[in-house]
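Top line first, the protein sequences correspond to chains U and S.
Count the first sequence with the working numbering and you get residues 1 to 315, in order.
Count the second sequence with the working numbering and you get residues 1001 to 1281, in order.
Keep in mind that the hints were calculated from the coordinates and are not lab data.
Treat each hint with caution, since some may be false.
Dumping the calculated EDC-like pairs for lysine to aspartate or glutamate here, alpha-carbon to alpha-carbon at most 20 Å [said to hold, decoys possible]:
(1) S:K1135 <-> U:D49
(2) S:K1135 <-> U:E25
(3) S:K1139 <-> U:E25
(4) S:K1139 <-> U:D211
(5) U:K294 <-> U:E158
(6) S:K1083 <-> S:E1209
(7) S:K1006 <-> S:E1138
(8) S:K1167 <-> U:D33
(9) S:K1108 <-> U:E158
(10) S:K1231 <-> U:D53
(11) U:K184 <-> U:D211
(12) U:K15 <-> U:D49
(13) U:K308 <-> U:D211
(14) S:K1007 <-> S:E1219
(15) S:K1167 <-> U:D49
(16) S:K1231 <-> S:D1184
(17) S:K1108 <-> U:E90
(18) S:K1167 <-> U:E291
(19) S:K1135 <-> U:E156
(20) U:K26 <-> S:E1138
(21) U:K26 <-> S:E1060
(22) U:K6 <-> U:D49
(23) U:K23 <-> U:D211
(24) S:K1139 <-> S:E1209
(25) U:K26 <-> S:E1219
(26) U:K6 <-> U:D190
(27) U:K179 <-> U:E19
(28) S:K1238 <-> S:E1261
(29) U:K229 <-> U:E125
(30) S:K1231 <-> S:E1089
(31) U:K44 <-> U:E25
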Amino acid sequence: MADTIKLATREAYGKALVELGEKNEKVVVVDADLAAATKTGMFKKAYPDRFFDAGIAECNMVNVAAGLSTVGFIPFASSFAMFVAGRAFEQVRNTVGYPHLNVKIGATHAGISVGEDGASHQCCEDIALMRTIPGMTIINPCDDVEARAAVFAAAETEGPFYLRFGRLALPRLNAEDYKFEIGKGVQLADGKDVTIIATGLMVNEALIAKDLLASEGISAKVINIHTIKPIDRDIIIEAAKSTGAIVTAEEASIIGGLGSAVTEVVCETVPVPVIRVGVEDKFGGSGPAVEMLKIYGLTAANIVEKAKAAIALKK
Amino acid sequence: MEQAAKKQLRIKACKARMGIIEAVYSANSGHPGGSLSIADIMTYLYFNEMNVDPKDPRNEDRDRFVLSKGHTAPALYSVLALKGFFPAEELKTLRKPGSMLQGHPSMKMTPGVDMSTGSLGQGISVAVGMALGAKLAEKPFRTYAVLGDGELQEGQVWEAAMFASAKGLDNLCAVVDNNNLQIDGTVAQVNSPYPIGEKFKAFGWNVIEICAHSFDEIEAAFEAAKEFKGKPTVIVAKSIKGKGVSFMEDQVSWHGAAPNEEQYNQAMAELHAALLQLEEA
């Protein structure tokens, strides 16, 4: 399934915006002086009249996007996850979420894989924050194909979206003809002993973990949850029933993220052990992205360990 | 504007004030002081300035209004009811469960409300986005926003101010309701935004300073704003908090308190008397 193509989801976001901009003239982009990094600079180059730089003022940027949406445009508002979901949280909550406006937030540089910039720029809280906003759709793609599909799906679907992209180049996992459906988890491998439910760059680690587990005689089901809200309850409930143990894996805080979302579903329906792999109530730090992912346990090896622990907890 | 038309505006503004008192009294909560201080400007906007149609509240070409100081929703609701967006009876449901009239404006619930507001500093940014959208779509509509003077303490106001002038949004007109009072005291005591006009000027705005209770000055300001090209306009309107109800005037205690029955009766009696006087003039 995997091939050699590697691309950051932020890169796919920039490319998708250009493609989308050509098809739909209602698509506009606002950024906050990070267009080169968020990759919205590609859109700026292609459609300078539909690109607006708010400067280093994320709160205003989000609300300008809200205003643009009320006059019929489809604004994508971009900055690093830390600033658009963190600094501008209340703008997103009150002026995008509450009136349920058609604003698409393109948050890049999410998670620890920001790397050298360190803790101030490594946002691990965004999923938790965005999950609390009623009506917000949250998509955290695992590769460039899914990122592109998410951008198109967001533009075609009325309402607020939080699209979460990363800085690190990731291996392509999906075929070009991949069918993306908002709110539908994707089973990537079947198994009977444990289910690994992963999102974003941890999907690839989950697939590696599945092979490692197989070599030890453990059969793991792997599910990619690209849409964290609304979450695919059915696929989670089925996994809980059929494997009786779950490990979640995400490049975000284990508090309030995918791990929490899965746990909520499981506890209220089919209570089975769930162990969460993610950033464990800590701030990030400076270092090369891949090294930081290892330091914070965002690896296939840690998933393997937690999978065994989850199986051991089965009654 | 003819004198007869101005008389009608004064009458409407007085009725708007009665609606504010009625609503806040019914709710037994809300913000009468800052609602009364903008009653004249709100009346002018909806009856003499903006292109809006109560029968078609979502018309794409309508002028847009954002009440950035969202807590003074009673003024907006009262004027919208007068204009015919919904029956005046609804004012008595303010802040009650299931009411279309939320404590702060909700665009999803109230006909005629163009933006949900309440968190200070945010509305002006949205108005900027609307004005930018009008330019981009090459639509002739104008966007209006009313801010409080205390609201100017929110940093986002100045993010919006910088952006609006940088983009040359001359289709945007902001009004600062300069009643000089906020919850904790006078705006100067709390954290002075003065000099307000100078600040906006430095941010690249066309600045007009007026008395918020003179329809002559209000008319002249909005007319001048429409003529001015290349920059957004801010009208700094010196107002009296609680204007029109004697015991509420210039009293910070009436920022966010509802009148009791006796105070309600007195306020309504004063406004009725003022209405009679206006009608007979």
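Are the Cα positions of U:K23 and U:D211 separated by 20 Å at most? 41 Å, violated
Would the pair S:K1139 and U:E25 pass a check requiring their Cα atoms to be no farther apart than 20 Å? 16 Å, holds
Checking one constraint from the list: CA of S:K1231 to CA of U:D53, max 20 Å. Satisfied? 18 Å, holds
With the threshold set at 20 Å, check whether the alpha-carbon distance from U:K179 to U:E19 stays at or below it. 18 Å, holds
Straight-line Cα separation of S:K1108 and U:E158 no greater than 20 Å? 15 Å, holds
Verify the proposed pairing of S:K1167 with U:E291, using a straight-line Cα cut of 20 Å. Violated, because 43 Å separates the two Cα atoms, which is more than 20 Å.
Check whether the Cα positions of U:K294 and U:E158 lie no farther apart than 20 Å. 38 Å, violated
Please work out if S:K1006 and S:E1138 have their alpha carbons no farther apart than 20 Å. Violated: S:K1006 and S:E1138 sit about 33 Å apart, past 20 Å.
Restraint check for U:K6 with U:D49, where alpha carbons must lie at most 20 Å apart: Answer violated: U:K6 to U:D49 is near 31 Å, above 20 Å.
Is it true that the CA of S:K1231 sits at most 20 Å from the CA of S:D1184? 34 Å, violated
Take the C-alpha atoms of U:K26 and S:E1138, compute the straight-line distance between them, and say whether it is at most 20 Å. 13 Å, holds
Do the alpha carbons of S:K1167 and U:D49 lie within 20 Å of each other, as the hint requires? Measuring from Cα to Cα gives roughly 12 Å; hence the hint holds.
Of the numbered hints given earlier, the model fails hints 4, 5, 6, 7, 11, 16, 18, 19, 22, 23, 24, 25, 26, 28, 30; all others are met.
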